[in-house]
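Novice: As numbered in my numbering, residues 452 to 762 make up the sequence shown, in order.
The hints are simulated quantities; they were obtained by calculation from the structure and are not laboratory data. Since the structure is predicted, the reported quantities are computational estimates derived from the model, not experimental observations. Hints are supplied without guarantee of correctness; some may be wrong.
[Stated by the list, open to error] Below are the SDA-like pairs computed for lysine to any residue, each with C-alpha atoms no more than 25 Å apart in a straight line: (1) Lys671 with Gly702; (2) Lys526 with Lys604; (3) Lys576 with Lys516; (4) Lys521 with Leu484; (5) Lys672 with Pro631; (6) Lys526 with Lys623; (7) Lys594 with Gly702; (8) Lys594 with Pro616; (9) Lys543 with Glu525; (10) Lys543 with Lys576; (11) Lys736 with Lys634; (12) Lys521 with Val582; (13) Lys584 with Pro602; (14) Lys594 with Lys543; (15) Lys577 with Leu669; (16) Lys718 with Glu737; (17) Lys623 with Ile536; (18) Lys516 with Lys634; (19) Lys604 with Ile571; (20) Lys491 with Thr474; (21) Lys483 with Arg573; (22) Lys480 with Pro518; (23) Lys634 with Lys491; (24) Lys634 with Trp723; (25) Lys594 with Arg667; (26) Lys584 with Lys521; (27) Lys671 with Lys623; (28) Lys584 with Gly741; (29) Lys672 with Lys634; (30) Lys671 with Ala654; (31) Lys618 with Trp723; (32) Lys634 with Thr537; (33) Lys618 with Asp734; (34) Lys576 with Pro602; (35) Lys604 with Ala648; (36) Lys491 with Glu737.
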Amino acid sequence: MVHFESHGFQDAKKSKAMGKDATYLPELKDLKLETSEGDKPLARPIWVQDLMRHTAGFVYQGATKSPRIKEMYEKGNIEGREADITGDEMLKNLGQIPVAHQPGTVWEYSIAVDVLGLLIERVAKKPLDAVLKDMLLDPLGMKDTAFWVAPDKRSRLAEALDSDPLKAGMLKSYRDSYNPAGKQYFKGGSGLVGTAADYLRFAQMMVNGGELDGKRYLSKKTVEFMLSEHTVGMAGSTIATTGPGYGMGLGFGVRLHDGMAWVPGSKGDAMWAGAWGTSFWIDPKERLVGILMAQGPISARAKVTKLPHGD
Numbered sequence: 452m453v454h455f456e457s458h459g460f461q462d463a464k465k466s467k468a469m470g471k472d473a474t475y476l477p478e479l480k481d482l483k484l485e486t487s488e489g490d491k492p493l494a495r496p497i498w499v500q501d502l503m504r505h506t507a508g509f510v511y512q513g514a515t516k517s518p519r520i521k522e523m524y525e526k527g528n529i530e531g532r533e534a535d536i537t538g539d540e541m542l543k544n545l546g547q548i549p550v551a552h553q554p555g556t557v558w559e560y561s562i563a564v565d566v567l568g569l570l571i572e573r574v575a576k577k578p579l580d581a582v583l584k585d586m587l588l589d590p591l592g593m594k595d596t597a598f599w600v601a602p603d604k605r606s607r608l609a610e611a612l613d614s615d616p617l618k619a620g621m622l623k624s625y626r627d628s629y630n631p632a633g634k635q636y637f638k639g640g641s642g643l644v645g646t647a648a649d650y651l652r653f654a655q656m657m658v659n660g661g662e663l664d665g666k667r668y669l670s671k672k673t674v675e676f677m678l679s680e681h682t683v684g685m686a687g688s689t690i691a692t693t694g695p696g697y698g699m700g701l702g703f704g705v706r707l708h709d710g711m712a713w714v715p716g717s718k719g720d721a722m723w724a725g726a727w728g729t730s731f732w733i734d735p736k737e738r739l740v741g742i743l744m745a746q747g748p749i750s751a752r753a754k755v756t757k758l759p760h761g762d
């Protein structure tokens, strides 16, 4: 949890109060909710699950409906769009900004997974790029995926056309030409650069229920849990990225019905689209995976409002 509290006693005689042995994100312990009557306390703490499903109350500065929160995100350089900011600095600034919704009540695409990445760093006591390398990229054989492109691989990078109106801003937001370690925090929600072949290995592992090439990476039940709806009864919609008929799992948009969606598929299939023009879908029922990687930011914006599977 972002907020951590202890209750009860540590011994049977009830003579020693239960202590708090760890607090990973103390910068966020006093978060408030923005309301028309002023900032108010949160009804409950933000959970790790909220970070995983975008229900923490955080926002993206370019999409929030609150002019005040937008300005505070920009002044605090929360998203590190044009200038580097360390994780510690980002969390310190974020802790001074109210959330837009009570935790667990509204789905809104946001920096929640970036905060999750910083939480993982503190729990693991090492940078997020190292955690991903040790636990995901190396075990799965994703040799061409990282947060930056080394000089000897730059010639392989697909570049967007200069005529794309979003290119300049995107290059400022996603600086992939140098190692950001110690300068810019690694974003849990964006920033990895890789190949279709690499991502296929991850997607195939997921569609296989957590197994690839005879080795198990996630339990079957963990994968089922990730690909289940986790926003039942909440406000907000994933439609801008997924199209109609989808809810939110843990890291994936998940299809809730056989009908409703703009394209054929199966109840329980999962997908998402990336800002540069990438998209993927996995269908466990049909055991199918689809990956599209394009270098067109402007086409990505059109795609997520019309063709959620990149067809």
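Novice: Tell me if the straight-line CA distance from lysine 526 to lysine 623 falls inside 25 Å.
Specialist: It holds: about 16 Å lies between the C-alpha atoms, which stays within 25 Å.
Novice: Given the hint that lysine 618 pairs with tryptophan 723, does the C-alpha gap stay at or below 25 Å?
Specialist: holds (21 Å)
Novice: Straight-line Cα separation of lysine 618 and aspartate 734 no greater than 25 Å?
Specialist: violated (32 Å)
Novice: Just to be careful, I want the Cα atoms of lysine 594 and arginine 667 compared with a cutoff of 25 Å; is the pair within it?
Specialist: holds (19 Å)
Novice: Are the Cα positions of lysine 521 and leucine 484 separated by 25 Å at most?
Specialist: holds (14 Å)
Novice: Check the hint pairing lysine 604 with isoleucine 571 against an upper bound of 25 Å on the C-alpha distance.
Specialist: Not OK: lysine 604 and isoleucine 571 at ~28 Å, beyond 25 Å, violated.
Novice: For the pair supplied as a hint, lysine 594 and glycine 702, confirm whether the alpha-carbon distance does not exceed 25 Å.
Specialist: Distance of about 22 Å is within 25 Å: holds.
Novice: Hey, lysine 543 versus lysine 576, does the alpha-carbon distance stay inside 25 Å?
Specialist: holds (18 Å)
Novice: For the pair supplied as a hint, lysine 672 and proline 631, is the alpha-carbon distance within the 25 Å limit?
Specialist: Between lysine 672 and proline 631 the Cα gap is close to 35 Å, so the pair fails against 25 Å, i.e. violated.
Novice: Would you check the hint for lysine 736 and lysine 634, treating anything up to 25 Å between C-alpha atoms as holding?
Specialist: violated (43 Å)
Novice: Would you check the hint for lysine 577 and leucine 669, treating anything up to 25 Å between C-alpha atoms as holding?
Specialist: holds (22 Å)
Novice: Need the status of pair lysine 671, lysine 623: alpha-carbon distance at most 25 Å?
Specialist: Not OK: lysine 671 and lysine 623 at ~39 Å, beyond 25 Å, violated.
In summary, the numbered hints that this structure violates are 2, 3, 5, 8, 11, 12, 14, 18, 19, 23, 24, 26, 27, 29, 33, 34, 36.
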